[in-house]
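These are the residues of each chain, in order.
Protein chains: 4
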Amino acid sequence: MDYEELLREAMRAARATAGRGRIADYIPALAGADPHAFGMAIATVDGQVHGVGDWERPFSIQSVSKLFSLVLVLAHGGDALWRRVGREPSGNPFNSLVQLENEQGIPRNPFINAGALVVTDRLLSLTGDAAGQVRELLRAESGNPDLATDRDIAASEAAHGHLNAALAHFLASHGNLENEVEQVLEHYYGQCAIAASCRDLALAGRFLAHHGLRVGGARLLSGSDAKRVNAVLLTCGTYDAAGDFAYRVGLPGKSGVGGGVLAVVPGRAALCAWGPALDAAGNSVAAVAALDAFTTATGLSVF
Amino acid sequence: MDYEELLREAMRAARATAGRGRIADYIPALAGADPHAFGMAIATVDGQVHGVGDWERPFSIQSVSKLFSLVLVLAHGGDALWRRVGREPSGNPFNSLVQLENEQGIPRNPFINAGALVVTDRLLSLTGDAAGQVRELLRAESGNPDLATDRDIAASEAAHGHLNAALAHFLASHGNLENEVEQVLEHYYGQCAIAASCRDLALAGRFLAHHGLRVGGARLLSGSDAKRVNAVLLTCGTYDAAGDFAYRVGLPGKSGVGGGVLAVVPGRAALCAWGPALDAAGNSVAAVAALDAFTTATGLSVF
Amino acid sequence: MDYEELLREAMRAARATAGRGRIADYIPALAGADPHAFGMAIATVDGQVHGVGDWERPFSIQSVSKLFSLVLVLAHGGDALWRRVGREPSGNPFNSLVQLENEQGIPRNPFINAGALVVTDRLLSLTGDAAGQVRELLRAESGNPDLATDRDIAASEAAHGHLNAALAHFLASHGNLENEVEQVLEHYYGQCAIAASCRDLALAGRFLAHHGLRVGGARLLSGSDAKRVNAVLLTCGTYDAAGDFAYRVGLPGKSGVGGGVLAVVPGRAALCAWGPALDAAGNSVAAVAALDAFTTATGLSVF
Amino acid sequence: MDYEELLREAMRAARATAGRGRIADYIPALAGADPHAFGMAIATVDGQVHGVGDWERPFSIQSVSKLFSLVLVLAHGGDALWRRVGREPSGNPFNSLVQLENEQGIPRNPFINAGALVVTDRLLSLTGDAAGQVRELLRAESGNPDLATDRDIAASEAAHGHLNAALAHFLASHGNLENEVEQVLEHYYGQCAIAASCRDLALAGRFLAHHGLRVGGARLLSGSDAKRVNAVLLTCGTYDAAGDFAYRVGLPGKSGVGGGVLAVVPGRAALCAWGPALDAAGNSVAAVAALDAFTTATGLSVF
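Chains as they are written, first to last, in my numbering: chain A, 1 to 303; chain B, 1 to 303; chain C, 1 to 303; chain D, 1 to 303.
Source of the hints: derived by calculation from the structure; they are not laboratory data.
Any given hint might turn out to be false.
Computed footprint of chain C on chain D, listed as stretches where at least three residues anywhere in the stretch have a Cβ under 8 Å from a Cβ of chain C [said to hold, decoys possible]:
1) 98-107
2) 151-165
3) 172-184
All C-beta atoms, glycine included, are put in the ideal place defined by N, C-alpha and C.
Looking at chain A on its own, in the form it has when it is part of the complex (with noise of 0.2 Å):
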């Protein structure tokens, strides 16, 4: 395949969509973002990387953090983790306390924002860092040494952050969170904050399309629990639209406030496309749309 110039008909998709969406605005460090940035890149299994547009323009990557925090839970053996959240979508927007109130302080999934407290609980008492370790993570499967926390991001982030401290409650109130409310919120917005490139990104989330190889070739999740990642990313990674996602893309992904998504062709690839507006879902217009077209061009879905 000609990766260029797919990643080019993907641009002129993404394009076509300027003027749809909103920038996320809840913090004040996100709003700033230029609303005609695009960038795209592919990081394939047989080691090719390309891109187009703002492909090496870091972004903040927030919510595409969920999915690291994930796998390096299970890469622990963190299979426990089920127990304290579940994998099933839920039907409601990411941050919302109903189902939670209703299902007693169980998270439908490890992508809602509470599934994700979670998730970085568990990984802060496996670690000691949570946030470090996804941050080395990404650095280390991209090889980009200057990948870094946006320290202003993670600070905005904290000052406006109350539905997540009531979130985070709420999972304390009911016994699901192991370390303390404000240190699991630390981790939390740290991991959010962390400013790459779609060329890191498709790099970082490589192995989920390798069947959980590491760039080196060392194994970061089975074979087995690499699919079942996918299976996750696939049924709940785009919030409230992961139905849409799976009908108009047919990959598994996994999308950010910042305008990120990261998807999976399973054995082939890993994507990421990035433009900063999104749709009332969430999930960002363009790079959505540019997934779209990509998948349609080249039929590589996993339908």
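Given the coordinates of chain A, assemble chains B, C and D onto it according to the supplied hints.
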């Protein structure tokens, strides 16, 4: 009326409930309450005070304090409060987050925990010391200078208060708190941890039966506002069992998980009954039985 | 009291709401109501009857009928009804299915539609003619032999009644109907479609102010049951606005989407006000304003 | 691959679940199913058909029929369907009314009962005979002219169908049915009551693995639509356990309370497994275990 005999009869009805209900154990300091304790007092608008059983023994007033903080806000001309909190029965448990999310951070009424937090927040803004103002009002009306906050209980509530912290952060995330979450919680726990006896509370609540007039004749509320507070008590004062309390007792009333229930006979008297064991809705089994017996014997319901 | 003058004052308050609210239009037959119509009547326990405006003009009583079907079931010794329907405020709109599902087919109270269907079903089992029994009670108490069911309205409701049919089938699926869905709906529409005037309804509701005694002195309900019905009216009678109605008017009351509101002053009188335009909760704007003015002027609230 | 051996292995895994789960008993006609029955079949795109156990024994396909009615609507160019039904996981049981009320009569996806009723309604409008069209499609693809509707089951469902009637009336109250409630229900029960074997269903579902091509090579769906249907199956096909099914089995699949599960290996084959005992979410315990074993052994998940 022979109030002494009526109170003895009511106590017999309360004693007949022995063994039913459960003492609140969500904080250790409450769990140690004496399951056999029972007291009841009446304070009439013409100055009589009568009591039976442990009517002079202090207990933790808990949510009964919500009535007094509401009255103090209204006494400060706080009608604007009703833009921040409703006055409809909630149809949900007192500590539920569900309705709060559905209704964008406006608590259904001032007696569910979320609503009471908003009231405390407002009282804190108006006076600088919400918990202290509630305590001073109780001292002045009861004439009991020893009435005090139980610091152990306040500390225990704070240490086990993740659910209230979740509610407060959720309110803050919707811009419905004026003060810092930590401050509001501190004053909320402070007012709930006041220890008072049935005698103290019957005297302290008498102004609601007396058209808003305090013990010495000074006006705390307008007659119209006193009626309105009674209306909110009747529809919302006993958590998710307000309908049943109205059906059985037929008086405006406010309960707390310490086992106290303060009830108002408009134009005539305030009553307070206390027994630590609670029913499923969080109301004292013995106190409700005693009030039921009292209004059945006297015909003194509002209906 | 000079009831005539008080009613005129109340009518002035009602007239001042002209232009507010919306006439119910979910069935064509109701949509044609005269937006300028207003009437109000009082029937005292000592036999006085007074009225103003269109107080002798019949209107569709709709949900006001739910009060009479409930009373008839209780008059037949129907205390077992409370195993099939609760008596707590619902916190949800009158026609909601949500709570019904969460609570396994037990409606929250007898005045939301689902609860009223259960009451009608029970009355049908007890008497063989639920709608007819309600109509006969109204005729007897009002002394108006012309009081009748509006067949056009009943037919219109049946033709547009998918939501009530959904509620009835849902009740049936939980085993909470004794008769066929179609029969229960027919009687439900039949009782709702009764046309009566403010005069008729004030007279018909007077027994609730008179300790359960009917017009000629015969007993319909025990004094205790009359109080209990008043309690359920106050906490549940005006849909999702019961708290606000208690706060403003301070009387037990039952409203209907035909624009009528029947209210009870225990020990003294029944009042009925009518104006077709409804507020968002489905209560008559003019009728609530008139009752509010009346109780403010007289101090005749239960509080 | 040695499909015969793989199917025998899968059957062993299914047999190991003996005693777990419960046979659906909401209608008498289903309650009599043989708890020891088990069958499994595969139909590959290159024309192979294999089976084990009771793979040629007909069972009630129930909700598996929803897949075929959806496909028939899409095959008729029914993309407008997506304005009347979503394609997101529901996060609620298949027969829930809650979400339907919150979302104004637009079912979350075509596989919960409410959504399937909308699909059947549309198919009825398009063809005049929804149940018949589903049956004819199954007959044609399976080459089994004896495949038929079980009239006893259809009648039993209608007689015990208050919950589906509630859903249908609720849809009608929101204007989301084109045909009469009774007609839609009749066709819905008709399609659910079709009896087919694992062999029949594997053959009938093969076009979803074959880019939309029917048994003789004729096109039923475009390749793109076949992928999209697979996406909806994966995210919504197994009720409230879609996430878990994706995690364990990793294939698009549709289950029914008759105990059948039809799954798709895109590009390769359709599988059908059957065992009457159901787990808490309503999916066959044995069928899911068999499919899990099959994909674990072969690595044939989509991820």
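Count the residues of the stretch 151-165 of chain D whose Cβ falls closer than 8 Å to any Cβ of chain C, and tell me whether that reaches three. holds (count 3)
Using C-beta distances, would you say chain C covers the stretch 172-184 of chain D, given that this needs three or more residues below 8 Å? Three-residue rule met by the stretch 172-184 of chain D, so holds; n is 3.
Between the stretch 98-107 of chain D and chain C, are there enough contacts, at least three residues with CB-CB distance under 8 Å, for the coverage claim to hold? holds (count 4)
Going down the numbered hints, you'll see the structure goes against none, and every one checks out.
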